[in-house]
Amino acid sequence: MIVFDNVTKRYPGSIDAISNASFTIEQGELVYVTGHSGAGKSTLLKLMAAIERPTNGTVLINNQNVSKLKEATLPFIRRKFGLVFQDHKLLYDRNCFQNVALPLAINGITGQEAAKRIRAALDKVGLLGREKSMPITLSGGEQQRLAIARAVVSKPSILIADEPTGNLDKNYAEDILALFKAFQQVGVTVIIATHDALGRTDADNQTGHEITHHENKVLHLNQGKLINPTNSEVIV
Amino acid sequence: MKTWLIHHMQALRLVLSRFQKNRLGTLLICLSIGVTLALPSVAYIILDNLNGLVSSVKSESQISVFLTEKHDTALVSGIEKILKQNPAIQNVIFVSKQDALEQLTAIDANKSLLDSLQGNPLPDAFFVEPKMLDATSIESLKNELSKIQGVETVLVDGVWIKRLNSLLFLGKKILIILAGLLGFALIAVIGNTIRMQVLTQSAEIELSRLIGATKSFIRRPFLYVGGLYGLGGGALALMITWVMILFFNQTIKAIANSYQSDFNLHFLSFAEILVVLIISTALGWISAYFSLSSSAKRT
Chain Z
1 MIVFDNVTKR
11 YPGSIDAISN
21 ASFTIEQGEL
31 VYVTGHSGAG
41 KSTLLKLMAA
51 IERPTNGTVL
61 INNQNVSKLK
71 EATLPFIRRK
81 FGLVFQDHKL
91 LYDRNCFQNV
101 ALPLAINGIT
111 GQEAAKRIRA
121 ALDKVGLLGR
131 EKSMPITLSG
141 GEQQRLAIAR
151 AVVSKPSILI
161 ADEPTGNLDK
171 NYAEDILALF
181 KAFQQVGVTV
191 IIATHDALGR
201 TDADNQTGHE
211 ITHHENKVLH
221 LNQGKLINPT
231 NSEVIV
Chain L
1001 MKTWLIHHMQ
1011 ALRLVLSRFQ
1021 KNRLGTLLIC
1031 LSIGVTLALP
1041 SVAYIILDNL
1051 NGLVSSVKSE
1061 SQISVFLTEK
1071 HDTALVSGIE
1081 KILKQNPAIQ
1091 NVIFVSKQDA
1101 LEQLTAIDAN
1111 KSLLDSLQGN
1121 PLPDAFFVEP
1131 KMLDATSIES
1141 LKNELSKIQG
1151 VETVLVDGVW
1161 IKRLNSLLFL
1171 GKKILIILAG
1181 LLGFALIAVI
1191 GNTIRMQVLT
1201 QSAEIELSRL
1211 IGATKSFIRR
1221 PFLYVGGLYG
1231 LGGGALALMI
1241 TWVMILFFNQ
1251 TIKAIANSYQ
1261 SDFNLHFLSF
1271 AEILVVLIIS
1281 TALGWISAYF
1291 SLSSSAKRT
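Protein sequences appear in the order of chains Z and L.
Anchor point for the first sequence: position 26 equals 26 in the numbering used here, and the numbering is continuous, going up by one each time.
Converting from the second sequence to the numbering used here requires adding 1000 to each position, the first position being numbered 1.
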């Protein structure tokens, strides 16, 4: 469970990236974080994943207050999350298998046990046959799926993806979103940041788009402020 | 505990596989460490061997005072008193002619020579260790001693050994400073290498941090790299030193033979070899540590 209470994040020498955000995400929810680029989506995700600490307010992750934790304990909080980054952050000097192995290595899992889990994760994203390939030889969609495999290999309870469909064509994007929904169905909390095109619930309803957001929570950001997507009121 | 062990094994395996990928680079770094460490090692061996040579020579007897053949015990004790009261004298040893003969006959090679002599040709003697070793005070002491009644000859010898001893002491001082400076050079070389590796692996380091790697998880492989560079360098230094000693000994043996000596340079003992390896490994580890602390802010 993630609870934000009046959270403000200000980077030195700039305006508030996030101001007074309050919300609760329950276990097993599928949450979209929407807004224009620069609205603060990435910052919000970083606050959720304990990568950044709030300037003001409290962030609770599974009832642990991130601002009050010691620097040395933050890595252990971060391991609860599976992260899919906007720029994938794949390591191009090693093959797919080794890329997925990194989170397990951090958790001290190696050998047969690790290999089993890595293959299971690659299988889930449809890359089982490519374990020896180098990431550079993969297509954009495959690279994204590899990044997802790496995010889920240590079986995190919360999956956070920053613009996972950003530069993919429509079919690929739908594949990826279906993948995330499958994780949500097995009890994983899934948080996806996405740009406006996918975030507009009205547009989805009008066009009969496959991805319908009204049953899921949407956190819409505008210049660092959280706006209720249905009635467009600022949530305080 | 088990996780801790796994993490260390993991780091070690990772580092070894990286070495394997970049064999030439690793060898070159180890070689530069080895050459740097070989220099003080060779200097140490030469100093240590000379030290052993000098201390094997009896360095107490710097001035030998031989007495005239005809004298009584009263005269001997009188001379001893005078010598002991002299402020320029550190130590006095009396060796009677009988003692001297016994010492000589104890050496087998002298037996046939001594048997051919009738009686004891050796005089009673005092062996005097002066306080000051400079030429003028030795000279004046020699003059003073030769004026004592009952003294036949005064021989100055062995002073060079004391002088060599002080030279060796200076040599040791120079060696310590040299070793210290080269140690700093090594820390700079290894530290810089590690820093470059941190930069080339910044993507991996950044990602690891984001997905929950602890600081020590990220630092561990680099510390291993530093330690292993040091260990490899130390081993190479020992090999270089060994070859140099072999090379030197060919010439040293020829020179020593002409002095009827079997002196040659001995290689380091097992304990000293261990010390070299431990120091070099520690130097590598420390340089990696400093390099990581200084680049930690950026990564």
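For the record, the hints were derived by calculation from the structure and aren't laboratory data.
Built from N, CA and C at the ideal position, the CB exists for glycine as well.
Careful, some of the hints might be misleading.
Mimicking BS3-like on lysine-lysine, the simulated pairs with C-alpha atoms at most 25 Å apart in a straight line are [stated by the list, open to error]:
1) L/Lys1215 / Z/Lys70
2) Z/Lys155 / L/Lys1002
3) Z/Lys70 / Z/Lys124
4) Z/Lys80 / Z/Lys170
5) Z/Lys46 / L/Lys1002
Derived CB-CB ranges, DEER-like [what the hints assert, rightly or not]:
6) L/Leu1024 / Z/Val186: 47 to 53 Å
7) L/Lys1021 / Z/Gln185: 52 to 58 Å
8) Z/Tyr92 / L/Ser1293: 26 to 32 Å
9) L/Lys1021 / Z/Gly28: 23 to 29 Å
10) L/Leu1178 / Z/Thr110: 41 to 47 Å
11) L/Ser1293 / Z/Ala120: 37 to 43 Å
12) Z/Asn6 / L/Ala1203: 34 to 40 Å
13) Z/Gln112 / L/Ser1294: 50 to 56 Å
14) L/Ala1179 / Z/Asp87: 44 to 50 Å
15) L/Lys1002 / Z/Asn222: 45 to 51 Å
16) Z/Ser157 / L/Asn1192: 30 to 36 Å
**OP:** Hint says 37 to 43 Å; check whether the CB-CB distance for L/Ser1293 and Z/Ala120 agrees.
**Re:** Once the Cβ atoms are compared, 39 Å apart, the range 37 to 43 Å for Z/Ala120 and L/Ser1293 holds.
**OP:** For Z/Ser157 and L/Asn1192, compare the CB-CB distance with the range 30 to 36 Å and indicate the outcome.
**Re:** Hint violated: Cβ distance 43 Å, outside 30 to 36 Å.
Original post:
Given the hinted pair Z/Lys155 and L/Lys1002, is their alpha-carbon gap at most 25 Å?
Top reply: holds (21 Å)
Original post:
Do L/Lys1021 and Z/Gly28 keep their Cβ atoms within the hinted range of 23 to 29 Å?
Top reply: violated (44 Å)
Original post:
Does the hinted range 44 to 50 Å hold for L/Ala1179 and Z/Asp87 at CB?
Top reply: With a Cβ separation near 49 Å, L/Ala1179 and Z/Asp87 satisfy 44 to 50 Å, so the hint holds.
Subject >> Pairwise hint evaluation, Z/Lys124 against Z/Lys70, where the allowed Cα distance is 25 Å at most >> reply: Given pair Z/Lys70, Z/Lys124 is violated - Cα atoms ~35 Å apart, limit 25 Å.
Original post:
Per the hint of 52 to 58 Å, is the separation of the Cβ atoms of L/Lys1021 and Z/Gln185 within bounds?
Top reply: With a Cβ separation near 42 Å, L/Lys1021 and Z/Gln185 fall outside 52 to 58 Å, so the hint is violated.
**OP:** Starting from Z/Lys46, check that the Cα of L/Lys1002 is at most 25 Å away, please.
**Re:** It is violated: about 32 Å lies between the C-alpha atoms, which goes past 25 Å.
Original post:
Within 26 to 32 Å or not, the Cβ separation of Z/Tyr92 and L/Ser1293?
Top reply: holds (28 Å)
**OP:** Could you tell me whether the CB distance from Z/Gln112 to L/Ser1294 stays inside 50 to 56 Å?
**Re:** With Cβ atoms ~39 Å apart, the hint is violated.
**OP:** For the range 45 to 51 Å, tell me whether the beta carbons of L/Lys1002 and Z/Asn222 fit it or not.
**Re:** holds (50 Å)
Original post:
When you take the CB atoms of L/Leu1024 and Z/Val186, is the distance between them in 47 to 53 Å?
Top reply: This hint holds: roughly 49 Å between Cβ atoms.
The structure is inconsistent with the numbered hints 3, 4, 5, 7, 9, 13 and 16, although it conforms to all the rest.
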